[in-house]
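**Student:** Chains V and P, in that order, give the protein sequences.
Okay, so the first sequence: first residue is -8 according to the working numbering, each after it adds one.
Okay, so the second sequence: first residue is 9 according to the working numbering, each after it adds one.
Do not take every clue at face value.
[As the list claims (entries may be wrong)] Covered stretches of chain P, going by a simulated chain V footprint (3 or more residues, C-beta under 8 Å):
id, region
1, 25 to 32
2, 152 to 166
3, 195 to 201
[To be verified] Interface residues of chain P toward chain V, partial, derived using beta-carbon atoms under 8 Å:
id, residue
4, Leu64
5, Glu109
6, Gln124
7, Asp184
For the record, the hints were derived by calculation from the structure and aren't laboratory data.
We put the beta carbon where it would ideally sit given N, CA and C, even for glycine.
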Amino acid sequence: MTGEPFYNFAYLDEQTKRMIRRAILKAIAIPGYQVPFASREMPMPYGWGTGGVQVTAAIIGRDDVLKVIDQGADDTTNAVSIRAFFQKVTNVAVTTDTGAATIIQTRHRIPEHPLIDGQIIVYQVPIPEPLRFLEPRETETRTMHALEEYGLMHVKLYEDIARHGEIATTYAYPVKVEGRYVMDPSPTPKFDNPKMHMSPALQLFGAGRERRIYAIPPYSDVVSLDFDDHPFTVQRFDKPCALCGGDDVYLDEVIMDDRGTRMFVCSDTAHCDGRRSEGHVGKQAAVEEARR
Amino acid sequence: MTAFATQHLADPVFRAQANFRALMDALSRPGTIQRLVVDEDAGDIDVDLAAIALTLIDHETSLWLSPSLADDHKVREWLAFATGAPLVDAPERAAFALVAEADPLPDHRAFGQGTQEYPDRSTTIVKACGGLTHGPRLACSGPGIKASATVAPAGLGPNFVERWAENRALFPRGVDLILCAGGAVMGMPRTLTIKRLEV
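Turn these sequences into a full structure, and let the hints guide you.
**Tutor:** See the structure below:
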């Protein structure tokens, strides 16, 4: 065992792991369906990714290499805390390199580097029910899923168009999995939705407070809901990343001073670091280079 | 029983983890064959069924046994000691069903199908086979398979493809099937479409 004799490997007891593992297998067999599970109290508050942490704890083994990201970044509080937690309770190798990881636990992003066959991405999910803000009653949303009655979701998207001229939903954009279940991809930007379609990686979703686990097997059909005359589109950015010059990536806005100066940089820090180490230089990075 | 206690309790955490990953890979990538960590000295029960039972079954899961397992008191004792799972006579009430190699694969309609609201409340059938590679060739497609995959498990019976099509048509309800033989495992989730390949 690791240096922590008071806890089982990966923190959870074996009985709990079996319960979660059974839920994961059902989730894989019924893509997009939210499997109820007996979510445990974890040594961190709900909202900090307890669902994702429980899924990761149930699947992780000694030979895994773990990457944890929060909004694309490896170095923000949530990512650092969860990575440290797993280092403490499993002693597995950790990495920031997307390509080197076997398990990637994520809060609200899918890495820019394409995932490959054999990788597992674990999403932290706050509200797993895509219909919840349209219909608060669980009994009703469960019936709607049972009857495949998703008209309400299309009405919501239509009202977006009527009010804003376009579908204004930019994150947690609903998808239909394998032509059956409408699913919440967790609050990832809709920019990441196309990466879920036919992904070679296994995608697992854990919602701790709401006690649901769901999954998308590799090579599954994942379609973002839209209309023929208002097809689904992703966000586009006017400028490339200010640090690495990358385009076709998702950017974060960083406020530079109190006079309104802004910088747009890669949300995926590992991707940005990788490009800069390959010699790519963005506008802001060039300015700072010249100043030195 | 002594052999069991010493061998299986030696490294239960990592054995269960390795075997779960094999099962998860098998069900999320149908058509692939995954290796199990088995204990050749398990004793009174098929070693593959034993490894899977120890990974997934416990006192919270109702268990149905095929006739030759149910009639063997040593098997029942082993499962009671190792898993504590309550045995049920009615297959539709079982969370898991273990089917010995000697017994035919029962009709899927006898087992729990789940409901339209809770399709997860269905039976997972674990079947020991004579082999996973030398039976009739079957073409599989569905989630987890990029284009199509060919599998050839033995001992599923002459009408398996037709029966599986009925099971597939029930989606999201239906049973999931786990096949094992010789320390290896193959998954057939209810999403799988299976066609017979002409020889």
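**Student:** May I ask which of the numbered hints given earlier this structure violates, with the numbers listed in increasing order?
**Tutor:** Of the numbered hints given earlier, the structure breaks just one, which is hint 5.
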